[in-house]
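Chemist: Produce the complete structure using the sequences and hints provided.
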Amino acid sequence: MCMLKVDDLNVYYGKIHALKGVSFDVNEGEIVSLIGANGAGKSTTLKTISGLLRSKTGGVTFMGEDISKIDAYKLVEKGLAHVPEGRRIFLQMSVMENLEMGAYIKGKADKADIESVFEKFPRLKERKNQVAGTLSGGEQQMLAMGRALMSHPKLLMLDEPSMGLAPILVEQIFEIIKELNDAGTTILLVEQNAEMALEVSDRAYVIESGRVSLSGTGEELRNSDTIKKAYLGG
Amino acid sequence: MDFLSNLISGLSLGSIYALIALGYTMVYGIAKMLNFAHGDIIMVGAFTIIVSISTCGLPVWVALILSVVMCTVLGVVTERVAYKPLRKSEPLTVLITAIGVSYLLQNLALLIFGSSQKSFPSIFDISSVHIGDLSMSGESVVTLAVTIIIMIALSLFINKTRAGKAMRAVSEDKEAAELMGISVNKTISLTFAIGSALAAVAGVFYGATYGFIGPYTGSMPGIKAFVAAVFGGIGSIPGAMIGGLLLGVLESLSKAYISTELSDAIVFASLIVVLLVKPTGLLGKVIKEKV
Chain A
1 MCMLKVDDLN
11 VYYGKIHALK
21 GVSFDVNEGE
31 IVSLIGANGA
41 GKSTTLKTIS
51 GLLRSKTGGV
61 TFMGEDISKI
71 DAYKLVEKGL
81 AHVPEGRRIF
91 LQMSVMENLE
101 MGAYIKGKAD
111 KADIESVFEK
121 FPRLKERKNQ
131 VAGTLSGGEQ
141 QMLAMGRALM
151 SHPKLLMLDE
161 PSMGLAPILV
171 EQIFEIIKEL
181 NDAGTTILLV
191 EQNAEMALEV
201 SDRAYVIESG
211 RVSLSGTGEE
221 LRNSDTIKKA
231 YLGG
Chain B
1 MDFLSNLISG
11 LSLGSIYALI
21 ALGYTMVYGI
31 AKMLNFAHGD
41 IIMVGAFTII
51 VSISTCGLPV
61 WVALILSVVM
71 CTVLGVVTER
81 VAYKPLRKSE
91 PLTVLITAIG
101 VSYLLQNLAL
111 LIFGSSQKSF
121 PSIFDISSVH
131 IGDLSMSGES
141 VVTLAVTIII
151 MIALSLFINK
161 TRAGKAMRAV
171 SEDKEAAELM
181 GISVNKTISL
191 TFAIGSALAA
201 VAGVFYGATY
211 GFIGPYTGSM
221 PGIKAFVAAV
231 FGGIGSIPGA
241 MIGGLLLGVL
251 ESLSKAYIST
261 ELSDAIVFAS
271 LIVVLLVKPT
281 GLLGKVIKEK
291 V
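Protein sequences, first through last, are from chains A and B. Per this note's numbering, the very first residue in the first sequence carries number 1; after that it's consecutive. Per this note's numbering, the very first residue in the second sequence carries number 1; after that it's consecutive.
Think of the hints as simulated: they come from the structure by calculation, not from any bench. For each residue, glycine too, the CB sits at the ideal point set by N, CA and C. Heads up, some of the hints might be wrong.
To be verified - Subject to a maximum C-alpha distance of 27 Å in a straight line, what follows is the list of computed DSS-like cross-link-like pairs (lysine-lysine):
| id | chain 1 | residue 1 | chain 2 | residue 2 |
| --- | --- | --- | --- | --- |
| 1 | A | Lys128 | B | Lys160 |
| 2 | A | Lys78 | B | Lys174 |
| 3 | B | Lys186 | A | Lys106 |
| 4 | A | Lys5 | A | Lys20 |
| 5 | A | Lys78 | A | Lys56 |
| 6 | B | Lys174 | A | Lys128 |
| 7 | A | Lys106 | B | Lys160 |
| 8 | A | Lys228 | A | Lys20 |
| 9 | B | Lys174 | A | Lys56 |
| 10 | A | Lys20 | B | Lys88 |
To be verified - Taking CB as the label site, the calculated pair distances span:
| id | chain 1 | residue 1 | chain 2 | residue 2 | range |
| --- | --- | --- | --- | --- | --- |
| 11 | A | Gly64 | B | Ala163 | 30 to 38 Å |
| 12 | A | Asp225 | B | Arg80 | 54 to 62 Å |
| 13 | B | Val277 | A | Gly59 | 24 to 32 Å |
| 14 | B | Leu276 | A | Arg54 | 39 to 47 Å |
| 15 | A | Arg54 | B | Ser54 | 45 to 53 Å |
| 16 | A | Gly59 | B | Arg80 | 54 to 62 Å |
| 17 | B | Glu175 | A | Gly216 | 29 to 37 Å |
| 18 | A | Ala166 | B | Glu175 | 25 to 33 Å |
Modeler: Take a look at the structure:
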C-alpha cells in the first residue's frame, strides 16, 4: 500500500528554485532512501513533507490524505515523525524531558514507551537526568531518534542520521533503523552515506539539483555504474 | 533598623520590577522580540482598577480579576494583531512595531483619561507591620508575599507541567518543537497571556505603592524592568526574578544613602557595569552546540 506519495513538488527559497518537480512514493513497510550530494534538495524535500516548508505547487499525500496544506504540528498526530538534520534535540532540557516532548501529543509520556526507547538506546538510560547539551554527538542522534519514536510514528523520516558519527556508531544507527523497520515502522531516509543507505533500503531515489535523476531498488542502484562513479567512490 | 526597612521597601519595589521583567524575559525567550509595549500593560491594569472601583464601585476582588483579564486579553490581542504578522520579519521591524504599540496604548489612555494623574484607590486595607523596631508598610508585605508565591508557581509551571515544558522547547527551537506536535502560535499566545497577567498584578502593586496613575506611568517601570531582565540575563526566568529584586534594592538603597536624584542613574550605570563584566547578564548562558 502506498503510504506517502510526493507528486511534482516545487519549492522555492525566495527566488531560488530548490525543488523542481520532485515525485516519489513510499510504500508501507519499506525503507526508502533519498541520496544525493550536498544541496541537492534532500532535506528540503523532507521539510516540505513535514510541513516546515510550503511547496508552491505539487502535492503530498500521506495515508490517502492530502497533507500539503496542513500545519507541521498537526502532522505528528497523523503518524508522521521527522528527525531533522543536525538532530535538533532540546539541548537545555534533560534527556527525559526530551523524550516527554516527543510524546507531547499523547499528553503524558507512557512509561512503557520510555522503557522501550531505553532498551534500544541503553546509553540514554544511564544519562536520563543529564542535560541533553552534555551528550556526545552519537548520543544526541540516539536521543533524537528515541524522541521521534515516542509518538509511535507510522512513517519515520530521518535526515542524515549518520552525519558526523564514528563508523562504529554509524553501523549501530543503521542496525537500529533496520530493527525499527522490522518492527513495522516505514522509513524514509535521507543520507549522504550512499553505501550504507542503499544497503538497508528497499528502494532509493537519487536527487540531483532539485530533481529525481534516478530511481530503483537498493540493489539495482548499488550496481549501477553512474551511482558507483558519483556516490560510491568508483 | 533603618537599613532593614530600606531593604524591605527595596525588595517590595524590586518585586514589581521582577513581575514586569518576567513578562519581558518570557516573551523574549519565546518570540525572540523585545516587547516595549509591555510596560504600558501595567498602566492599563492600573487604570482598570481605578475605573472598576472608583467609577463603577465594584468590589476590590472583582476589580482585581477584571484587571488581570483585561491585561491578558490585551496582551494576546496585541500579539495577534501587531506581532504575529511580523513573525518572519527583521527584528528591527518588530521592535519599532512594539514601540508603536506602546505609543498607541499611552495615547489611548491620554484620550480616555486625560493627562492628569488619577488617584489610585486604596485596595490593601492593611496596617503597617511592626516587628520590634522594624516597621513595614502593609503594601510592601503584600507585594513581597504575592510576588514570592507567583514566582514559585511560575517556576513549577515552567519546569513541571506539559505546557511549561512545551514553552521551554519552543523557546529553544521552534522548528523542532513544531515537529513534536507543539503549536508554536498557541505557545506564543500563552506566553503573552501569562506575561500580561503578571504585568496586571505589577500594575496593581505599583498603583498601591505610588498612589497615582497617568497615561505614561508604565514607561519608567517598564524600562527598569527591561533593565532588570537584561541584568539577570534576558530569556532566563530566574534571572528576571533576581534582576528585578536586585534592581529594586539597589534603587531603594541609593535613594536612602546616596541621592534621590541620582538613584535612577545609579541603577542604569549598574547595568552597564554588569554587561561589561558579564555580557549575557547574571544568569544568561551561552550554550555551545555539539556536532
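Chemist: All hints are to be evaluated individually against the structure, with a verdict given for each.
Modeler: Evaluation of the provided hints:
| no. | hint | verdict |
| --- | --- | --- |
| 1 | A:Lys128 to B:Lys160 | holds, 16 Å |
| 2 | A:Lys78 to B:Lys174 | holds, 20 Å |
| 3 | B:Lys186 to A:Lys106 | holds, 17 Å |
| 4 | A:Lys5 to A:Lys20 | holds, 16 Å |
| 5 | A:Lys78 to A:Lys56 | holds, 23 Å |
| 6 | B:Lys174 to A:Lys128 | holds, 23 Å |
| 7 | A:Lys106 to B:Lys160 | holds, 16 Å |
| 8 | A:Lys228 to A:Lys20 | holds, 25 Å |
| 9 | B:Lys174 to A:Lys56 | holds, 23 Å |
| 10 | A:Lys20 to B:Lys88 | holds, 25 Å |
| 11 | A:Gly64 to B:Ala163: 30 to 38 Å | holds, 33 Å |
| 12 | A:Asp225 to B:Arg80: 54 to 62 Å | holds, 58 Å |
| 13 | B:Val277 to A:Gly59: 24 to 32 Å | violated, 56 Å |
| 14 | B:Leu276 to A:Arg54: 39 to 47 Å | holds, 44 Å |
| 15 | A:Arg54 to B:Ser54: 45 to 53 Å | holds, 52 Å |
| 16 | A:Gly59 to B:Arg80: 54 to 62 Å | violated, 30 Å |
| 17 | B:Glu175 to A:Gly216: 29 to 37 Å | holds, 32 Å |
| 18 | A:Ala166 to B:Glu175: 25 to 33 Å | holds, 27 Å |
The structure shown violates the earlier hints numbered 13 and 16.
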